[in-house]
Amino acid sequence: MNLVASRRCISRRWSLLASRGDEGAEVKHYQPLSIRSFGHVGSPACSGFGLRVRWCVVAIVGVLSVAPPARGELTVSPTSITLERPETTQQVLVTQQDGTFRQDLTREVEYIVADPQIVRIDAEGLVYPLAEGTTQLTIRRGNDQAAIPVAVSGLEQPVPVSFQYEVQPILTKARCNSGGCHGKAEGQNGFKLSLFGFDDEADYGALVKEGRGRRIRPACPDQSLVLLKATASTPHGGGMKLEPGGFGDQVLRRWIREGSPFTSPGDQPVVNLEVEPAEFVMAPQAMQQLRVTATNASGGRQCVTALAEYVSNAPHVVNATPRGLVESTTVPGEAAILVRYLDQVTTCRITVPRRNPATTRLAEKNFIDKHVADKLERLGIPASEPIDDATFLRRVSLDIVGTLPTAAQARRFLQDPSPDKRARWVDDLLGRPEYADYWAMKWADLLRADKIKITPQGTVGMTRWLRLQFAANRRYDEIVRDILTVQGPIQAESPAGFFKALDQPELAARSISQLFLGVRIECAQCHHHPSERWSQTDYAGLVGFFTGLKTKRLPNGTEAIVAAAGTDHKHPRTGEPVAARALAAEKANFEAVTDRRQILAAWVTSPDNAFFTKAIVNRIWAHYMGRGLVDPIDDIRDTNPPTNGPLLDALVAHLKERKYDLKAFTKTLVLSQTYQLSSTTNEGNVDDVQNFSHARPKALPAEVLLDALSQVSGVAEKFDGWPAGYRSIQVWDNRMPSYFFRIFGRPVRASVCECERSNEPSISQALHLLNSPEINEKITDKRGYARKLAASPLNTQGVLDEIYLATLSRFPTAEECALLRSAFPAADADRRAAVEDVLWAVLNTKEFLFNQ
Amino acid sequence: METLTRIAGLEMMRIDAQARLTRRSSQPTGVSMNQFFWGREKTRRYCDGFSRRQVLRLGSTGLFAGLSLPGLLQAQESAAQSGRTAKATNCIFIFQEGGPPQQDMWDPKPDAPVEIRGPFQPIATKTPGVIFSEHCRRCATITDKFTVVRSHSHTDNGHSTGYYYVMTGRRPTFPDGEHPIPTNDVYPSLGAYVGKELGSNGKVPAYVNLPHPLSAGGPGFLGAEYAPFVIEADPSQPDFEVKDLGRVEGLSQSRFELRQKLLGGLEKERERIGRAKAMSTYYAKAYNLINSPEARAAFHIQSEPANVRETYGMTQIGQCALLGRRLIEAGCRFVGIDAPGWDVHFNCFPSLQSDLIPPADQAFYALVTDLEQRGLLDSTLVVMMGEMGRTPRVNAQAGRDHWSMAQCILFAGGGVRPGQIIGSTDAQAAYPTNDPVSIADLLRTVHTLMGIDPDKEYADPLGRPVPLVNGGKLIPGLIA
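First to last, the sequence lines map onto chains A and B. Our numbering applies: residue 20 is where the first sequence begins, and numbers increase by one. Our numbering applies: residue 213 is where the second sequence begins, and numbers increase by one.
Simulated from the structure, these hints should not be mistaken for laboratory data. A couple of the hints might just be wrong.
Distance condition first, Cα-Cα at most 35 Å in a straight line; then the derived DSBU-like pairs of lysine-lysine [what the hints assert, rightly or not]:
{"#": "1", "chain 1": "A", "residue 1": "Lys260", "chain 2": "B", "residue 2": "Lys338"}
{"#": "2", "chain 1": "B", "residue 1": "Lys415", "chain 2": "B", "residue 2": "Lys338"}
{"#": "3", "chain 1": "B", "residue 1": "Lys480", "chain 2": "A", "residue 2": "Lys384"}
Derived coverage of chain A by chain B (criterion: at least 3 residues anywhere in the stretch with Cβ under 8 Å from a Cβ of chain B; other residues may be distant) [stated by the list, open to error]:
{"#": "4", "segment": "157–165"}
{"#": "5", "segment": "686–694"}
{"#": "6", "segment": "761–773"}
{"#": "7", "segment": "788–800"}
As the structure is a computational prediction, the values presented were derived from the model and not from experiment. Glycine included, C-beta positions come from ideal geometry on N, C-alpha and C.
With these hints in hand, go ahead and build the complete structure from the sequences.
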């Protein structure tokens with residue numbers, strides 16, 4: 020928005036700002052220097068920095084061309100440089116804050132080292148030590164310049180290299196210990212490291228002792244196999260992993276020269292990681308260097324920019340290079356860069372607004388819209404248009420009850436003049452039996468009601484139980500408590516089959532964590548997750564709640580779930596029992612209970628639980644909006660932040676306030692303006708995938724699509740062995756052989772992940788819809804809808820209206836009528852064929868096949 | 213025995229050398245003549261337009277057409293640029309569901325007691341010292357064109373679990389039993405990976421299953437887009453027709469066209485995003501398939517000359533193999549043929565000798581020779597195997613039971629060094645005695661032959677990196 024004005028009001032000066040925690044650094048101000056026109060930036064003087072830099076310059080000129088030449092505050096950080104080890108480096112950042120955008124000049128300025136014997140600096144602003152002493156680094160841009168002091172020490176008598184804190188991160192960053200290489204369970208070609216280097220002892224053994232120490236040659240360090248392989252001096256299946264003479268190579272070499280000890284005076288665990296800038300706004304197609312500083316246990320600070328790893332959670336918006344250079348694409352949005360060094364993780368949050376921000380704000384119907392509008396406003400993204408009654412009717416019906424409105428319902432709804440008809444229709448839907456059918460189906464998928472695993476009767480029992488819960492609209496927290504503590508026959512009308520499907524304590528722990536908490540701890544079974552706080556101890560602690568579960572044979576040959584007293588689960592690596600405890604919770608106290616799950620259920624469903632409500636809110640949001648606020652929906656972690664945190668918090672508060680009433684919560688969602696936006700995009704939001712500026716067309720689940728085709732054609736699907744008239748969303752048999760279900764991706768209920776249901780289109784689907792005898796038979800059936808319409812007294816327009824109302828819940832447009840009329844012959848003889856052809860064509864439109 | 217095999221290998225090299233002399237052709241794209249003549253299965257890649265693989269293939273067919281030296285160099289350069297050295301661009305994978313008996317087919321043990329060796333007699337093959345069962349007589353005449361791995365071995369003795377293990381390389385997490393729909397809950401099958409990695413030529417689908425779905429041939433986490441296009445019909449039947457591909461009964465051409473016109477008109481104005489847009493492209497592909505005479509012709513096995521059909525045998529496995537060849541010619545990448553009936557627990561020998569072994573023998577023989585004659589063998593990998601072998605000892609019902617510890621795999625074409633017997637089993641055909649081959653080895657080798665990096669990683673639904681093939685090593689000596 021008011022970039023121009025805000026840019027102008029910023030004072031023009033250089034300043035050297037102390038970065039957070041840089042102790043003893045003073046803030047010094049330099050006199051402002053005159054600035055010439057901005058064209059100067061792209062002048063030949065700057066071209067010496069190579070292609071990449073020039074590209075950056077062009078981008079910045081592009082950004083700023085909207086405003087007259089002006090320049091904001093320029094800062095250099097850090098304010099002083101201290102290099103205390105031979106391999107340390109220091110990233111310098113040169114930044115200009117220009118109105119909304121932060122601009123990185125690190126790669127544009129000129130660097131002059133007063134004494135080039137002491138340090139050198141590369142074009143990317145990274146300072147390398149050369150000899151002990153002090154000097155000064157001058158940063159120059161045009162006539163502007165600034166200088167910072169540089170001190171180098173510890174080169175002649177360096178602190179010995181630490182295996183744990185220096186060698187390990189090198190192996191990790193070079194991906195030596197990744198899952199596809201030496202980190203996998205069986206290692207690679209006889210050399211095995213722990214995944215992501217979380218087992219120092221084992222890795223040390225592998226590197227130094229195994230294979231009779233063949234990987235290290237203390238007598239001749241440079242000939243050590245590990246160096247020769249890593250630098251590809253001898254053939255290495257993984258290729259060159261460390262640049263010869265580069266940082267990693269040097270550290271490893273020195274460590275071997277020092278006798279490759281396991282412990283060293285340099286062993287200083289890193290206790291904190293900071294990234295600068297931690298949060299900023301950048302222009303599209305721009306670049307920003309990050310600067311990462313690690314603090315160790317004794318307070319020492321070290322720049323680890325070149326050592327840390329960087330992962331973007333939204334690469335379509337922002338990418339990060341291994342050097343910590345962040346590059347924005349043309350797509351506006353928000354992204355978090357995960358920064359990892361050793362076992363420390365931090366994030367850098369970036370906002371990339373549109374260049375020509377939208378001027379109108381999304382209309383607000385409830386609190387949801389306020390948060391969405393705030394976000395869109397910040398990004399400058401315009402929302403799509405609100406939808407009309409017809410689109411709303413169809414969308415909300417398919418979403419809530421998995422069922423199309425009939426032609427009569429559509430006609431009544433469209434003709435209803437009352438202003439509250441949308442709200443009333445939502446109430447109608449939530450009261451219908453199909454609501455319970457549809458959500459029971461959805462949850463039977465998630466609770467793994469697989470007839471192979473839990474017997475057909477068990478599947479029926481679980482499906483019925485779920486149906487009752489949703490029909491009665493029981494509180495969600497109570498439903499979950501019942502599921503988590505269920506005991507009894509697996510064939511009863513109960514969720515007992517869930518624990519039959521999860522017949523191992525470990526499987527139960529990770530499935531329940533993923534399903535009800537949105538936390539994927541599966542990875543922590545084998546290793547500390549690289550971007551997550553959960554360790555193997557957390558994993559084993561959670562498993563301990565399920566160790567008492569038994570499957571008991573009943574006299575009639577069936578089985579029952581019985582909870583006996585459990586034991587603590589062993590740590591996967593150390594083999595030591597780990598006291599049962601929920602994620603980030605205190606050690607559990609089982610004094611008053613036999614069934615350990617009682618304690619877990621109380622913790623899970625407690626209003627204070629940080630994950631439980633978030634997980635269900637996000638899951639339901641994703642169902643209606645087509646994408647979770649956290650995506651994937653069951654991967655909630657600090658390093659995968661929601662795209663709209665305040666909105667997620669508000670939704671969580673809302674569901675708690677509504678006492679976990681899912682119907683009330685649903686109503687709030689679907690009556691928001693956000694839900695009622697068109698899926699037609701505009702120029703400003705066509706690229707937006709995470710901010711809900713427009714609706715996303717949703718593929719109809721296999722069952723819903725088959726029901727829709729059956730309903731519209733007037734010909735019910737016949738399922739083998741099922742009474743006539745059963746709808747797909749009522750069919751509990753997840754293994755029923757069905758070509759249609761197979762090609763449209765019905766899940767087999769093998770996991771608690773919603774991702775198991777495939778929504779991807781395929782050529783088989785297209786062929787089936789447009790050319791299969793089955794679909795054609797439905798359309799041409801003697802008792803079908805097309806015949807009825809053809810035989811009815813309706814005129815052509817009336818027939819077209821009916822077809823459109825039945826399929827798309829709307830009247831056809833004039834153009835559509837003109838086109839479709841051409842199918843109708845003058846005489847009535849072939850009217851039936853014409854009706855069939857028109858119905859066929861409408862059923863094959865993407866508007867029908869997707870929930871728009 | 214091993215010595216004999218080695219001698220056989222030497223013999224093969226001699227034959228190769230002779231062949232080289234007779235053909236007098238220059239060597240294309242750095243590929244040995246051995247590969248060229250007896251080469252891998254042909255797989256075509258079309259996804260990236262005129263790919264280096266096609267250039268390669270042109271290079272090789274060009275030998276017959278007298279491709280000029282500059283042309284060859286150019287082809288070589290293209291191959292080098294893209295880094296592809298593999299020759300196979302297609303794969304026909306025949307899966308003998310139920311578990312074919314190793315000792316009654318490719319690994320006879322004539323010196324074992326009768327309750328182990330069974331009633332079938334051994335016969336000599338074209339390769340001196342190598343013997344097959346008497347019912348593999350056609351393949352016995354072309355042992356210089358394929359290679360038998362006799363030491364495939366794993367520990368999963370179930371049908372659906374073993375099938376799953378072979379198709380995905382992953383240990384199944386479900387119990388053995390009936391699984392009417394593909395069981396790829398998480399991990400994609402070999403065919404789905406190949407289809408995704410190599411793509412189709414845009415007319416026929418990249419990955420096809422026939423005459424019904426391979427039970428673990430699904431796409432797993434790759435999603436329905438990479439599911440096999442399944443031909444659920446028996447091509448040996450006179451009324452064979454591909455589902456949803458032929459004209460719908462009672463629908464005239466004019467109505468078909470009218471419908472297409474109406475749909476085209478209705479869709480014209482509508483802007484689509486996301487999946488709906490992707491679906492539109494699949495509609496276009498589907499129309500291509502229905503309307504393209506070449507594509508439809510590929511499925512129309514009835515148009516194949518009668519004598520060719522006879523060569524393959526008018527059996528299900530034979531006609532599936534023939535249809536597989538036609539699909540490969542039309543641009544399909546991976547044809548998975550499910551050949552059931554091998555679970556011979558009871559009175560097995562009559563059915564083996566009449567219904568099972570000779571049709572499989574004939575189909576494999578016909579496929580390899582036909583591909584070779586058409587110049588397609590070089591680029592088409594042919595694999596024939598099952599999920600397990602069968603017990604060394606004949607059981608009380610005159611059948612053989614499940615035995616996964618020793619199995620045979622046949623490889624031909626597509627960069628396979630032919631004429632070899634790799635690995636061997638003990639005196640009872642019960643356990644490998646050398647070069648045991650695991651499922652990971654098998655999959656790693658097939659991917660490598662197809663020019664796909666077996667270590668390439670995909671993210672599973674949990675976001676964890678999953679390599680195409682978990683571990684394993686290349687089958688020693690198999691790749692030319």
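Cross-check of the supplied hints:
For a cut-off of 35 Å, the pair hint linking Lys260 (chain A) to Lys338 (chain B) is broken: about 49 Å separates their Cα positions. Distance hint between Lys415 (chain B) and Lys338 (chain B) is unfulfilled; the C-alpha atoms sit about 40 Å from each other, more than 35 Å. Of the supplied pair hints, the one linking Lys480 (chain B) and Lys384 (chain A) holds, its CA atoms being roughly 34 Å apart against a limit of 35 Å. Under a criterion of three residues with beta carbons nearer than 8 Å to beta carbons of chain B, the stated coverage of the segment 157–165 of chain A fails, only 0 such residues being counted.
Coverage of the segment 686–694 of chain A by chain B is violated [criterion: at least 3 residues with CB-CB distance below 8 Å; count 0]. Counting residues of the segment 761–773 of chain A whose beta-carbon sits less than 8 Å from any beta-carbon of chain B gives 8, enough to reach three: the coverage restraint holds. Beta-carbon proximity to chain B at under 8 Å applies to 6 residues in the segment 788–800 of chain A; the threshold of 3 is reached and the given coverage holds.
Hints 1, 2, 4 and 5 from the earlier list are contradicted by this structure; the remaining hints agree with it.
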